[in-house]
Structures are given as C-alpha cells and as structure tokens.
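First to last, the protein sequences are chains A and B.
Numbering follows the UniProt record's numbering, with no gaps: position 255 of the first sequence is 255.
Numbering follows the UniProt record's numbering, with no gaps: position 85 of the second sequence is 85.
Hint data in this document are derived by calculation from the structure and do not stem from the laboratory.
Keep in mind that this is a model prediction, so the values were computed, not measured.
Check before you lean on any hint, since a few could be wrong.
It does not matter which identical chain is used: a pair holds within one copy or between any two.
[To be verified] No farther apart than 16 Å at their CA atoms in a straight line, the calculated lysine to aspartate or glutamate pairs in the EDC-like style are these: (1) 61 / 289; (2) 288 / 64; (3) 164 / 258; (4) 61 / 258; (5) 106 / 89; (6) 109 / 89; (7) 199 / 66; (8) 271 / 92; (9) 61 / 28; (10) 221 / 351.
There are 2 protein chains.
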Amino acid sequence: MRFNKKRRKLEIRAWYRVDLIVGAYTVDTTQIRKALLKLGAKRLLIQSPLGLRAVATELAKTLEAEGYSVLLSNSACWGACDVAYQEAENLEADAIIHLGHTKFMKHDKIPTIYIPCHYWNPAPLINLIPRISNVLNDAGARRIGLGASIQWSIHLELVKTELKKSGIEALTHEPKMFAVEEAQVLGCDYTALKPLEDKVDAFVVVGSVFHALGMALVSDKPTYAIDPAAQSIRELTENKRRIINQRYANIMKFKEAERIGIIVSTKPGQKRINIVNPIARILQNHGKEVYVISADEVNEQLIIEYGLDAYVNTACPRLSIEDQVRFSRPLLLPAEVLVAVGILEWSFLVEKGLIMFPWAYSDENSKTVWRLIAGEAYGRRQVSQYEV
Amino acid sequence: MRFNKKRRKLEIRAWYRVDLIVGAYTVDTTQIRKALLKLGAKRLLIQSPLGLRAVATELAKTLEAEGYSVLLSNSACWGACDVAYQEAENLEADAIIHLGHTKFMKHDKIPTIYIPCHYWNPAPLINLIPRISNVLNDAGARRIGLGASIQWSIHLELVKTELKKSGIEALTHEPKMFAVEEAQVLGCDYTALKPLEDKVDAFVVVGSVFHALGMALVSDKPTYAIDPAAQSIRELTENKRRIINQRYANIMKFKEAERIGIIVSTKPGQKRINIVNPIARILQNHGKEVYVISADEVNEQLIIEYGLDAYVNTACPRLSIEDQVRFSRPLLLPAEVLVAVGILEWSFLVEKGLIMFPWAYSDENSKTVWRLIAGEAYGRRQVSQYEV
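Next comes chain A alone, as it looks inside the complex (with noise of 0.2 Å):
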C-alpha cells in the first residue's frame, strides 16, 4: 500500500489541455507531448483496454505524423496493474503511453506515460441524477459515499452540487491503495470509499456493475450501481447475493478436489509470487496435490487444458468473481482457501467483507487473515507480511 503518492482533489478539469477528442473519450495529447520530450522517446508503444483502441489508432496517427515510431499493442491490458514492460522490451519501446488507467506500479520498468481517457460528455450522467435522487430519497438515503471509474470521477463534482438540491450529501474520500484520484475505485481498490462506511446510508458508484459490485462486497450499506452509458441505476444487493452464494458453492467443490493448481500471474502488478508457497504449504499439509501454474491471460484453456479438480487464483481477484461462470472448475481466492481447508469461518470473511483479501482495502481484520496464511504454512501463529 502506498500513501506517498501525489493524489489529485476533485476539481473541474481545465479543458483546453485535453486537445483530442476520439468518440466518447478525452486524451491529453499535451501532456503526453511534454512527458516524450522529457525523456527524449522516438519508440512508443501505446496500450489501450478493449474498448479503447479506436482512441489507440487515432493516437498513433497523431504522432506518427509528429515523427514517433509508434507500436500499438494487443495485449488485453486489464487495468495498470497489466503494464506491458516486457512487450516494450521485447520490441525496443522507448516509453509506453498507457491509456484508459491512472498509475498503478510503484515503479515503471520502462517508463509509462498515463492518460486516463475521461468520458468529455457529463450529460448521460447528470440526466441520471433525478432518478438517482428518488431512489435514494425512497430508500432513505440522505448522505451517501460517492466513488467512480476513472472515465466517470472528472464528472463527480457536478454529481455532488446536483444530489444536494434533493437535499442529499454526497462525501469522497482519497484512495489509499493502488486508486489514485480521490473518489476513485478499481476493481481492486475500493479505500475511497469504504472508510465514509461508518459515515454514510449507502455508497453510490459510476461507471458500471463491475466497479459497484466490488464496493457491495466489502459493506453491508446498499451499493447502487450507476451505468451513465447503460443509462441504468441498480442496487446490488441481489447481485451480492448470488456471488456470495457462488463462492460458498465453489468452495465446496474445492474441498473434494484432490489435484489443485495454484495460478501465479506475470503481469506485473498481479504477481503475487510470495502468497504462492503459504498456500501450496497449506493446500499439502491438508492432502492435497499442488502444481504452480503461471499465466498471463487467466483463461478458460487453462482450466481446462492443465484439466486439475481445481484452481487457485493469486492473480486478478476479479477473475473469481465475475469470470468464475465460465470456469468449468473452483478458482478461489487466497483467503478462500483458508476457509475450504477449514482454517477460517465463510461468515468472516463474508462480515467483514474481506473475500478479495489482500485486495479491496485493508483493515485489521485482514491481517488475521495474513496471519493464518502464514502461520498455518509454517506452523507459526505470528509471522509478519514481510517474512514470506
């Protein structure tokens, strides 16, 4: 976790910097301009999640026409926790422009150029807010937390000034994890909003389902989830629901599994390398056979291929929850393990809302969790995060 991070207020962006605009996004070519002068870059590879790469294409233009040799990449690029350095190794890029995610590394192995991509247009949000107003106001919320997506937290301002005619409060709050702007969430980090917990009748997300339904897994408040391009509001309760039920499910069929495969990731902000030999210790010392399977994209031609009883997910913790359907086999979470192997209590982890432990956010009641992973590998109640 990093708190040294310079983070950026909410604050109405200055426009006239944002100098490109391809479909529904932004891209600040100025400040990509300035940052490839500094380092003195010729060779760039530009990557883009699916969904950006028109953005990518139109990019690449642009500076080529500027004399830049540029690679765009087809690699999936998840988030920036999927930073291609060794795409741009392998194929000599100076620097990465790295689009659609704010800086997720500590340190960049190659030096990596972010551009968000806001959404320019607030209007399919803020013709949200009058429905977004009475759903709250019916269910009785009248100060909530307030967290988006990238692409949506530009907007969040606005957001704020229009609950408050309906007499709603809306606070933020600064990430502490890996989310860099305030009242930003990722898939993984939802610090901006769970410590308003206390404080707050609900929590309200834009962006999509996906970056709710992590909030509505960590806190008992109602979660709505708010799709400014699906013009939709949904309160996750349910969809909580039927994940938890899900993974209850998968745990079970993971106790009778005999041959289990622990997932290892290299992308670089996914490798979590040091919870792998804890919890191969811990799957052996309860009978079970362990392979250490390492993976860039996690995909349904592993499962099957490698054709073990079932899987360990140390990678992407997203994976298990939304990708789990099309997973022919269990892919559970570190902490998950702990309560098939029946080390831990599913209702912990479920009350203290800590499934995706070590993502999400971080309290005390997650290093017991760490606790147990370690010690129970070694045969030690006490052993500290930074012993493995």
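With the hints as your guide, set chain B onto chain A.
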C-alpha cells in the same frame, strides 16, 4: 537459415532411455536430469503445447519429488519459435523445459531443454501401411518423399521398410531451415522434402493435415497427409486449391482496404521486425494508412478491436493459412502484399510455392521476392536481406 546445427540421422531409438510414458507420449527424463544437473538449475518452467499438458503435470510431479521447484506455463506454445524466455525471466526460472518440439532458436536467452515427446507406439502408423501402399500404387507413385512431424519421425525407418515390401521407395532428406531431425517437417519448414521434388512422384507426410498441407503449398507434386491418430489418408490437391482460392480472395479484399495493420510478433522465433518497415513503406507508397500492431497471440480480438480494414501477418505464416477463416478481415503474408499492390504476379507465388515466403523453404526465386520487398520500399532494385 542455419546449416550448422547438429542433425540427427534416422535411427531406431534406444528405448531404455525413455523412462516416462504419459498417455501416447514418451518423455526422456534421463536427458532432462542430466541437462538440469549440468545447468545447476533448481527453479524450472515447463512449457507444453495444448495436448501435452498432462505430460507437463506428470513431469512436474516427478521433478518436484526430486527437489526441483516447478512452474507450469499457461502460454499456448505453438512451436519452438514460441519459447517462454520472458515468462521464465519474469518468474526467475533458471531453465525452461520445452515439450513437444525440437530446438528452433539459434540462441536460448534462458537455458532451454527441448524434449520432443515422441509417440511411443508405432502401431497406429504401421496399421495404415497397406492402405498407404494401395493409394500410392493406384496413383502410380513408385518413389515418394517421406516426412513427418517430430512426434512420428522416429517411426519412419519402419515405414520405409514396410513400403519397400510393396515396391515403393521412400526417400528422406535432412532439413536445412528450422527443423532438426532427418525427414522432420514443421508448419513453416519443408526443407526436408522440397529438395526431393525432382526425384519423387509424390510426398507423404505423417502427422496431420496441418503438417502435410504446408508441403502441398510449396510443391505441385501430389501430397498425402497420413494422420495415424485419425487413421486417415488424404491427398491434398483439393485442400490446396481451396486455400489458394481463399488467399486470392483475401488479396482482392486487401486491395480495397484503406487502413492496414502490420502485425509484428513478440514471440522470439516469430519476430520479423526487419520485414515490417519495408512492408509499411510499400503500403504507404500505395496510399494506404499503416499501423504497426505488436502481438503475442494473433487472434480474433486483435482483428475486431483494432477494427482496421486489413492486416499483414509477419508472425507465424500458418495464421494466414489455417486461421484466416476465423478472421473477419484479410490477414496477408508479406509476399501476398506484393501481389495486392501490383508489383508481383499471383501466379509467380503460386507456381513457385512462395506464398509462405520468407518461411517454408528458400531458393533463387525467393530471393526475387525479398529484393522486391526491400527494393520497392526504398526505391532500389537490388537490396540484400542484411541491409534492411
């Protein structure tokens, strides 16, 4: 092209050295142990093609029991062009055990042990001999060029002996591009067969249609695909005709394309960065808008997400042959681009068997293609491959 690799003659293998059998495959663990001791390697990455993952897990179990720390790779591993050096580096493996293929790369960036995994049982192949003899006799083929994928190549001496009984002489030859064993073919290397062209009535390739079809594309002699697993014998003139029509149709579509993506592979043996710039120049000279896309896996996601009109494939040539049907846009090979822009005759490529250039084999005619690529790009008619 390399002529200096130590090549192995056909021989009946010393079976006692193959001390692990998993399903249909042999694994020479003695060779692995010797190599590991010599390297002093402790932390290993096992790479296996789809279909050999059960071999990989069994080998992992064996080596773990001997004190090695083993990672199983989830990378697809399409050939020994696709060695997971970066994955090994990323996860700090001391050595790679690469299953299912012979050495392809000139230098291994990380020590790599290549274990071909032959089929131990010749019966499915030998059972087919009477049918093969009949088919060849009916076609009047008295002398054939014989090749095989590495999985079957150890059984070719038996095939030769058996065919001789029916009066058919089978010739074999050493490869000189990427393959290692006598008579061995790869999807991109037919140099073990092509030199026999003038001496034989037909070619017989043991493996799958995939292995044989590549040969059919580089020669006008009838080519028979022998697939012992499927117990099938197929003459490929019709398959070849279909592929050639498909390629021509895609070249025609490519002509109309305005925005072109040139794909450069990050796989060590598929990275042909030197061909990208001249092809880009040629396309720009002919009024196309060009983007360079780097990819590990070339897949439908790339084609759809980048949304360009057409693509040039400088990675594995077989992507344009076998996988084109899965792609909604033309994926031309470098030599085909010359046809699309009107500086080479399609009939020249087809008749000389040079569709796959710079892969498959190399002769005087292929030098013409290279001179056209380099010369057309830079306005000179005579450019050596090494100048670009």
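Results of checking the hints against the structure:
1. 61 / 289: Answer is between; shortest inter-copy Cα gap is 9 Å, intra-copy 52 Å.
2. 288 / 64: between (54 Å within a copy, 14 Å between copies)
3. 164 / 258: neither (56 Å within a copy, 51 Å between copies)
4. 61 / 258: between (53 Å within a copy, 14 Å between copies)
5. 106 / 89: neither (18 Å within a copy, 20 Å between copies)
6. 109 / 89: both (9 Å within a copy, 14 Å between copies)
7. 199 / 66: Cα proximity of residue 199 and residue 66: none, with 51 Å in one copy and 57 Å across.
8. 271 / 92: Answer is between; shortest inter-copy Cα gap is 12 Å, intra-copy 23 Å.
9. 61 / 28: Intra 15 Å, inter 52 Å, cutoff 16 Å: intra-copy only.
10. 221 / 351: Within. Shortest intra-copy distance 12 Å satisfies the 16 Å Cα cut-off; inter-copy 72 Å does not.
Checked against the numbered hints above, the structure breaks hints 3, 5 and 7 and satisfies the rest.
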